[in-house]
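Required output: the full structure, derived from the provided sequences and hints.
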Amino acid sequence: DGGITQSPKYLFRKEGQNVTLSCEQNLNHDAMYWYRQDPGQGLRLIYYSQIVNDFQKGDIAEGYSVSREKKESFPLTVTSAQKNPTAFYLCASSIARRRKSNQPQHFGDGTRLSIL
Amino acid sequence: AQSVAQPEDQVNVAEGNPLTVKCTYSVSGNPYLFWYVQYPNRGLQFLLKYITGDNLVKGSYGFEAEFNKSQTSFHLKKPSALVSDSALYFCAVRDDYKLSFGAGTTVTVRA
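Residue numbers (this note's numbering), protein chains in the order written: chain A, 2 to 117; chain B, 19 to 129.
Mixed in with the good hints there might be a few duds.
When the alpha-carbon atoms are kept at most 27 Å apart in a straight line, the in silico BS3-like pairs for lysine-lysine are as follows [as the list claims (entries may be wrong)]: (1) K67/B to K87/B; (2) K76/B to K40/B; (3) K67/B to K72/A; (4) K95/B to K67/B; (5) K40/B to K95/B; (6) K58/A to K67/B.
If you want the ones that stay clear, here's a sample from chain A, every Cβ over 10 Å from chain B, calculated [what the hints assert, rightly or not]: (7) G17; (8) Q51; (9) G64; (10) S68; (11) K71; (12) P76; (13) N103; (14) R113; (15) S115.
The hints are simulated quantities; they were obtained by calculation from the structure and are not laboratory data.
Everything numeric in this text was worked out from a predicted model, so none of it was measured.
By construction, the Cβ of each residue, glycine as well, lies at the ideal position given by its N, Cα and C atoms.
Put into structure tokens, the structure is as follows:
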């Protein structure tokens, strides 16, 4: 079955530590996205990538970094500069990378990050 | 920028009754609108989308949504709710390369 796999499902971070969240898709989608979900705030875009070796900041990129070395993979690093990292992180992908595409995004099952 | 709003944090209905989850939008030009559902500790599942054409859009699991241009609304509906429809529902609008989401509406269907 095609889909998006996020790992780990739960992650704990110590103060001052960087952590990397994994996102892999086998849907052959060009575009990939990282969202942060906090209670009552919906989803906020962190980074997105329309093509391999290229990515753009979203609305809340500070304290995060990404890479897109392969079409299938879009890992997110939460750095020590992110002062409030406790949240549910969702990765998504979509088939088309053009502006104003009408294609839906497909989501993984998320990683819940907590501070120790 | 495009945006959507979900005016209700929570909706409670009895099983078998009609379910409506409200969404209003603010866009320039023609909107691409989406509804997603999220179960606890899971990702979002796509329900339906509006692009153009018929104002009544049918989607997964018996859900439908009505696009109303004059009222700038895109309300999600289900004629007869099930207990298993209890979940968090998000409305979203395509905004350039990304989706902009509403804050979400928690639906509780009581038996």
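Going through the hints against the structure:
1. K67/B to K87/B: holds, 15 Å
2. K76/B to K40/B: Between K76/B and K40/B the Cα gap is close to 16 Å, so the pair holds against 27 Å.
3. K67/B to K72/A: holds, 26 Å
4. K95/B to K67/B: holds, 13 Å
5. K40/B to K95/B: holds, 9 Å
6. K58/A to K67/B: Given pair K58/A, K67/B holds - Cα atoms ~26 Å apart, limit 27 Å.
7. G17: holds, 27 Å
8. Q51: violated, 7 Å
9. G64: The claim stands: G64/A keeps its Cβ more than 10 Å from every Cβ of chain B (closest is about 19 Å).
10. S68: holds, 18 Å
11. K71: holds, 20 Å
12. P76: Answer for P76/A: holds, closest chain B Cβ roughly 17 Å.
13. N103: violated, 5 Å
14. R113: At roughly 7 Å from the nearest Cβ of chain B, R113/A sits no farther out than 10 Å, so the non-interface label is violated.
15. S115: holds, 13 Å
When the structure is compared with the earlier hints, violations turn up for hints 8, 13, 14 and for no others.
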